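Please take these sequences and the hints and turn them into a complete structure.
So the protein lines, in turn, are chains D and H. Here the numbering used here is used: position 24 in the first sequence is 24, and no number is missing along the way. Here the numbering used here is used: position 17 in the second sequence is 17, and no number is missing along the way.
Be a bit skeptical, because a hint or two may be false.
[What the hints assert, rightly or not] List time: in silico EDC-like cross-link candidates among lysine to aspartate or glutamate, alpha-carbon distance up to 20 Å:
{"hint": "1", "chain 1": "D", "residue 1": "Lys68", "chain 2": "H", "residue 2": "Glu503"}
{"hint": "2", "chain 1": "D", "residue 1": "Lys68", "chain 2": "H", "residue 2": "Glu344"}
{"hint": "3", "chain 1": "D", "residue 1": "Lys67", "chain 2": "H", "residue 2": "Asp411"}
It is worth saying that the hints were derived from the structure and are not from the lab. No experiment lies behind these values; they were computed from the predicted model shown.
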Amino acid sequence: MASRSIRSTRARRRSALLGSTLLLLTATGCSLLGEEDSSGGDDATSPAARGSGEVVLVTHDSFSLPKKLVRDFERESGYTLVHSPAGDGGELTSKLQITEGDPLGDVAFGVDNTFAGSVLDADVFAPYDAELPAGADELVLPGDGEDGERQLTPVDTGNVCVNVDTAWFDQEGIEPPSSLDDLTDPAYQDLFVTSGATTSTPGMAFLLATIGSYGEEWADYWQDLVANGAKVVKGWEDAYYVDFTHAGGDRPIVLSYDTSPAFTVEDGETTTAALLDTCFRQVEYAGVLEGAQNPDGARAVVDWLLSPEVQAELPTSMYVFPVDQEAELPKDWAAFAEQPESTVEVAPEEIAEHRREWLTTWSEITSR
Amino acid sequence: MRRRLALLALAAVPTVVLAVFFVLPVAGMVQRGFFPDGTFDPGAVIEVLGWPRTGRVVWFTVWTAGTATLVALVAGLPAAYVLYRLRFPGRGLVRAALLVPFVLPTVVVGIAIRQLLRPGGPFGFLGLDGTPVAIVAGLAFFNIAVVIRTVGTAWEALDRRPAEAAAALGASPWRVWWTVTVPALRPAVVSAASVVFLFCATGFGVVLTLGGVRYSSVETEIYLLTTGAITGVPELSAAAALSLVQLVSVVVLLAVAARLRRVPDPTVRRVPATPARPRRRDLPAIAATVVVLTAVAAPILALVLSSLRPDGTWSLAAYRALGGSGTDAGNAIGGGVLRVPVTEALENSLRIGLDATWMSLTLGLLVAFVVTRQVRSPGGRRLRALFDGLFMLPLGVSAVTLGFGFLITLDEPPLDLRSSPVLVPIAQALVALPLVIRVLVPVLAGIDDRQRQAAASLGAGPWRVLRTVDLSVLWRPVLAAAGFAFAVSLGEFGATAFLVRPETPTLPVVIFRLIGTPDPANFQVAMAASVVLATVTTIVILAVERLRVPGVGAL
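Rendered as structure tokens:
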């Protein structure tokens with residue numbers, strides 16, 4: 001409720017302002033405005049020793065944590081957490097960039113390693129060297145913090161991997177593919193569907209996986225892939241729910257996540273598998289925004305995202321792996337979501353530098 | 001003089017709203033494009049305009065939107081006749097249900113259509129999946145309701161007698177249609193066509209979902225450029241160039257439409273709507289309507305099916321999960337993904353929809369009123385036409401431009417509205433406004449001013465004139481427009497997704513979120529939620545259209 005009351009004072013100010021220009025709109029007592037006004041009462045008085053005031057957390061749309069965790073954070077820290085989603089990962093990153101210097105909030109979560117390179121050079125994030133849990137050190141963005149001023153803190157990871165419908169391959173009596181190379185094998189002609197690199201983050205991750213694996217020859221690989229009948233659709237959901245055989249489509253090889261097999265469990269066994277040699281690891285970062293109104297609160301939020309409570313909640317709330325190696329995983333995940341031991345790597349600064357050229361080439365190959 | 005001042009005052013309210021919530025943000029984004037580093041540098045914008053790719057994208061947009069508009073017109077006209085001129089049981093229900101495609105989130109319908117078209121699907125043999133034909137069909141699917149409703153409303157109140165007189169004088173049915181009916185319907189048809197074209201030209205999700213990444217329209221390009229999907233940084237100059245292309249083409253289109261819409265005498269003799277019993281000669285129209293309705297219903301039925309048969313067995317599990325609180329951690333359906341139960345999101349949608357409806361009706365009535373008053377000077381007429389066209393602009397501009405524009409222009413006092421809850425209904429009202437105006441203007445223009453003069457000379461005051469002459473005719477179209485506005489608001493996703501607050505998500509936003517999680521159980525819930533959205537929409541529209549005022553229609 002505390003978060004409400006702080007906002008309502010703002011909202012009241014806003015409606016007063018609006019009233020001057022849009023007398024009509026406010027005077028008629030629109031239900032939303034009315035509700036906002038009626039939530040009155042300012043009870044956000046907190047001990048001076050602790051933090052206080054509003055801290056605005058800007059995230060992508062997939063951010064979600066249980067209310068209880070948020071309440072605990074507010075009680076313990078004294079801050080009032082206001083969540084402000086800003087579109088998907090790409091939209092979030094570009095919004096942070098166009099509002100540079102006049103940020104949308106105090107702290108941002110959700111910029112990933114495919115976008116981070118272009119943000120690092122701009123003045124979007126302020127330095128903050130949060131204390132990292134066990135295992136998170138190796139996930140720090142390469143190049144970030146070399147001058148002792150780290151901007152981005154790793155919070156979670158997820159792996160984008162090629163998945164196969166093992167049930168379909170069993171039925172057909174064909175050996176499923178196991179590597180990126182196999183996907184250009186005529187034995188798997190017209191069997192693979194992926195989402196586009198320009199229109200979906202997993203699609204971009206897959207493009208990077210091929211770039212990391214094949215280096216300069218990645219374009220040739222894609223030409224072979226397209227020649228072998230690979231289908232490119234808009235989003236992950238189009239590929240997984242329309243074209244993938246598990247959902248009734250006609251393609252048993254799909255681009256998805258390493259956790260996906262945990263969601264296709266039937267009678268104690270999963271009917272799909274992730275190809276662990278084809279994975280690209282996405283790391284999502286949090287950081288204090290340059291020009292934040294409440295930098296202390298922003299740092300507290302970054303620390304909170306790394307706390308054991310939040311880390312343990314990440315899989316169920318956001319379908320990602322915590323960076324904290326000691327956090328416990330859900331039962332089905334532990335059993336069926338096998339994580340790759342090593343993933344394909346592409347340096348963020350290289351991504352930032354070549355992104356345009358890669359995507360242009362990729363678009364040309366796939367739209368032929 | 002006083003009359004002119006009163007008109008200007010009436011015009012001021014919608015103009016201010018449009019200026020603040022549309023012109024300012026869009027101008028802000030275009031300005032960023034022209035002033036990349038704070039100094040005026042149109043080089044980048046001009047360069048983008050010269051790219052061959054830009055030409056291809058513009059051409060693709062124009063021909064898909066044009067073809068889809070044509071398809072929607074050809075398919076929609078017979079249906080408008082059957083649903084608004086003939087009398088048969090269930091007519092109201094079908095009319096209301098036709099708005100369903102309009103409110104369903106593109107991503108959901110896109111998936112439903114693709115499940116029908118995919119190889120191995122019921123219509124897989126057509127080989128349409130991922131082709132431009134699928135894009136055109138999808139665009140027509142989403143917009144056919146606009147044609148049926150706009151033209152139908154005008155058709156419903158059309159006096160039968162001129163046509164009957166022509167027939168009695170020996171004109172063939174074809175000649176009657178061409179010389180009597182078509183001229184009377186032309187304003188409505190042109191209105192519908194221009195709105196549909198704009199909707200199609202800015203249809204973003206349809207192109208990407210149904211065409212795959214192979215095809216890009218102006219709208220998808222603007223989205224990719226603005227969100228930095230290609231380079232990792234927003235390319236505002238290139239996006240501004242395309243936004244300008246959009247704006248210029250919209251202005252040209254509106255000018256052409258205004259010319260085509262103009263008829264020598266817009267006044268229409270209105271009679272109480274007396275729909276006729278279907279006759280033998282109506283059979284071709286009825287057959288065409290059945291085909292159209294089937295085509296519209298197929299994806300929706302596919303949707304219902306996939307919400308009820310998650311794993312090949314019938315189950316209501318997805319519907320039961322709708323009421324469950326998504327905030328419980330754990331592996332329950334929707335667990336932890338949503339901040340509010342789906343039912344609460346529906347409630348938000350309905351509340352916001354109500355606000356958006358009265359806002360767009362209020363603004364729409366003001367605009368329609370101003371642009372249909374008698375103006376004598378040519379300058380005044382031109383000003384009036386300009387004013388009319390101004391409010392069509394929101395349809396032709398990308399939602400992402402508007403959304404990002406809000407972020408960079410409404411961020412300082414006195415307009416610090418970035419996260420204000422009123423932005424959502426206002427943005428939706430602006431999207432619905434052109435539809436509302438296009439429904440109301442032909443009707444208001446159709447009132448013979450002599451009626452008002454007669455009423456006034458018989459001693460009626462201005463309010464009395466308004467009530468007895470204007471409102472009595474306007475009542476039905478206002479209801480039709482309200483249905484439109486409400487449906488637009490319920491289904492609006494582009495601008496809403498940018499502006500909505502996380503505590504009060506709308507149903508389409510929640511559906512989009514559910515569909516994007518890697519858990520198939522959430523996919524079922526998203527399907528069930530879409531079916532609920534469709535059902536609720538139908539019921540609300542049906543209820544709105546049932547509202548009648550005693551005595552209305554008996555002029």
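Hint by hint, here is what the structure shows:
Under the criterion of a C-alpha separation no larger than 20 Å, the hint pairing D/Lys68 with H/Glu503 is consistent with the structure, at around 15 Å. Taking the CA atoms of D/Lys68 and H/Glu344, the gap is about 19 Å. The hint holds against a cut of 20 Å. Restraint check: the Cα-Cα separation between D/Lys67 and H/Asp411 comes to about 28 Å, which exceeds 20 Å; the hinted pair is violated.
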